[in-house]
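Next come the chains, spelled out residue by residue.
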Amino acid sequence: MRNSLNLPTIPAFALPPLIARLGARLPQWPHSVSLVLALNAARKLGVLPDETLQQIEGRSFRVTVADTGMVADFAYNGGSFRPIFITLDKPDLHFTARLSAFLQLVSRQEDPDTLFFNRSLTVEGDTELGLRVKNMLDALEWPQLSLQGLR
Amino acid sequence: MAAKPQLVCPAGSLAALKAAVDNGADDVYLGFRNDTNARNFAGLNFDEKSLVEGVRYAHQRGRRVLAAINTYAQAGRFADWTRAVDAAAALGIDAVIIADPAVLDYAAKTHPAMRRHLSVQASATSYEAINFCRDKFGIQRAVLPRVLTLAQVENVIRNTEVEIEVFGFGSLCVMNEGRCWLSSYATGESPNTVGACSPAKYVQWEKKPTEMDVRLNGILIDRYGNEENAGYPTICKGRFEVAGETYYAMEEPASLNVLEMLPEIVRIGVAAIKVEGRQRSPTYVAQVTRNLRQALDAVIAAPDRYSVKPAWAAELGKVAEGSQITLGAYNRPWR
Chain H
1 MRNSLNLPTI PAFALPPLIA RLGARLPQWP HSVSLVLALN AARKLGVLPD
51 ETLQQIEGRS FRVTVADTGM VADFAYNGGS FRPIFITLDK PDLHFTARLS
101 AFLQLVSRQE DPDTLFFNRS LTVEGDTELG LRVKNMLDAL EWPQLSLQGL
151 R
Chain G
1 MAAKPQLVCP AGSLAALKAA VDNGADDVYL GFRNDTNARN FAGLNFDEKS
51 LVEGVRYAHQ RGRRVLAAIN TYAQAGRFAD WTRAVDAAAA LGIDAVIIAD
101 PAVLDYAAKT HPAMRRHLSV QASATSYEAI NFCRDKFGIQ RAVLPRVLTL
151 AQVENVIRNT EVEIEVFGFG SLCVMNEGRC WLSSYATGES PNTVGACSPA
201 KYVQWEKKPT EMDVRLNGIL IDRYGNEENA GYPTICKGRF EVAGETYYAM
251 EEPASLNVLE MLPEIVRIGV AAIKVEGRQR SPTYVAQVTR NLRQALDAVI
301 AAPDRYSVKP AWAAELGKVA EGSQITLGAY NRPWR
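Which chain is which? The protein sequence lines are H and G, in order. 82 is the number that our numbering gives to position 82 of the first sequence; each next residue is one higher, with no gaps. 62 is the number that our numbering gives to position 62 of the second sequence; each next residue is one higher, with no gaps.
Calculated from the structure, these hints are not laboratory results. The reader is advised that the hints may include incorrect statements.
[Claimed, not checked] Covered stretches of chain H (in silico footprint by chain G; criterion: 3 or more residues with CB under 8 Å from a CB of chain G, positions within the stretch not fixed):
| hint | stretch |
| --- | --- |
| 1 | 98 to 110 |
| 2 | 113 to 120 |
| 3 | 131 to 141 |
[What the hints assert, rightly or not] So the derived label-pair ranges between C-beta atoms look like this:
| hint | chain 1 | residue 1 | chain 2 | residue 2 | range |
| --- | --- | --- | --- | --- | --- |
| 4 | H | 77 | G | 112 | 50 to 58 Å |
| 5 | H | 90 | G | 3 | 51 to 59 Å |
| 6 | G | 126 | H | 53 | 43 to 51 Å |
| 7 | H | 80 | G | 86 | 34 to 42 Å |
| 8 | G | 22 | H | 8 | 15 to 23 Å |
Please read these numbers as outputs of a predicted model, since none were measured by experiment. All residues carry an ideal CB built from backbone N, CA and C; glycine is no exception.
Full structure from sequences and hints, please.
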């Protein structure tokens, strides 16, 4: 079985706890920078709807990959995503999942509510902001041409 | 060969509509981006541009698009609902799904050629109520609330020529459908008034080391252990202390799944089978539509040889609310 983007099936897996312990000791800023670069690239491609972007202006986000120890803090400010280098006390919205769940989510192999129901995905903070971001990601129509170009 | 019910699938976005069409939906239902529909959530639903494209995509492939305008018009704002009906007609929508009698009346008088379906939110459970709406508003189809047993559904079908649509898969409402006050009790807002049950701005998930609390406007509605499956943050699916015992006092978080009784549903002459979930992703829509399409085609081809394939049951079970499925009211022994 393949997902809707026609990528290989991603199994549910958990990395050994050692990796998270090591990962948590590494500097976190490269994760924030690379995630922000990807988000801004999507924004420039026009994939992210302007209406939703306007509604998340000034809001802060944290993505935690539980089994790699990776934490990425960023915000959407002044019309673009920017990394946050100081540790936030409480971001407006915080997603936590294992690497395999994030990959299943991004490749559209699994539905976010399914991952939430079976506790593979945790959402904390402003629930309405979370729903807005989830619905934005769900509504994205990845340009077929550029994906085919990647293969 | 049995009569073939339509498979009616949800879409909260253009991507979900395409997923429904591509995976075998006959009809796709959707809502405008405002409180004229009962899934009025942030960032969900269709603006005019995506509607035009969605209708074009479905019609090109011989499928129909239904618009849910299924909340009750608020005093002083009736024009918002009539505008939605006018927009549906202008966009070439095949049918409008309506609960409010005044909105139904407007649609019948202003756009008589556009089909009218009675929404589940109208809470019509008797053939008398359905036939009244047929006489008054010329409805062609009625969506039955998820409170009737299969025998009761059959009795309705025998006593009306209005097409009957039933739910086949998805999250359940408490057994007071269309008339529920639980969300209003906690937040002052409900599906029939603002288009959302448990609006997200009132929902707080709080993760603690060994448990996760969920509150609706400050009211604790459930506390999940780390390994426990979760459901939607609605009061009806919360756990409460009643007479010294803490349990799901109203209903368990579970999704309706009729795979097992599909041949019976087809036999009694149901015209359409609906999938709940406009709030969910294109991935869910694709998964549920694909499996129900295969199951329904198997029933139509040979009802006597039908059996539930483990792969269908596994995929539908996985995406179910609380990762649990139920036959809901269809097979309850009590009346």
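We went through each hint and held it up to the structure:
As drawn, the stretch 98 to 110 of chain H meets chain G at 3 residues by the rule of a beta-carbon pair under 8 Å; at three or more, the given contact holds. Residue count for the stretch 113 to 120 of chain H with a Cβ under 8 Å from a Cβ of chain G: 6. That meets the three needed, and the coverage hint holds. Residue count for the stretch 131 to 141 of chain H with a Cβ under 8 Å from a Cβ of chain G: 10. That meets the three needed, and the coverage hint holds. The hinted window of 50 to 58 Å between residue 77 (chain H) and residue 112 (chain G) holds, with their beta carbons roughly 52 Å apart.
Checked against the hint of 51 to 59 Å, the pair residue 90 (chain H) and residue 3 (chain G) passes, with Cβ atoms roughly 57 Å apart. A beta carbon spacing of about 48 Å between residue 126 (chain G) and residue 53 (chain H) agrees with the range 43 to 51 Å that was offered as a hint. Between residue 80 (chain H) and residue 86 (chain G) the Cβ separation comes to about 39 Å, which falls inside the hinted range of 34 to 42 Å. For the pair residue 22 (chain G) and residue 8 (chain H), the beta carbons lie near 20 Å from each other, so the given range of 15 to 23 Å is met.
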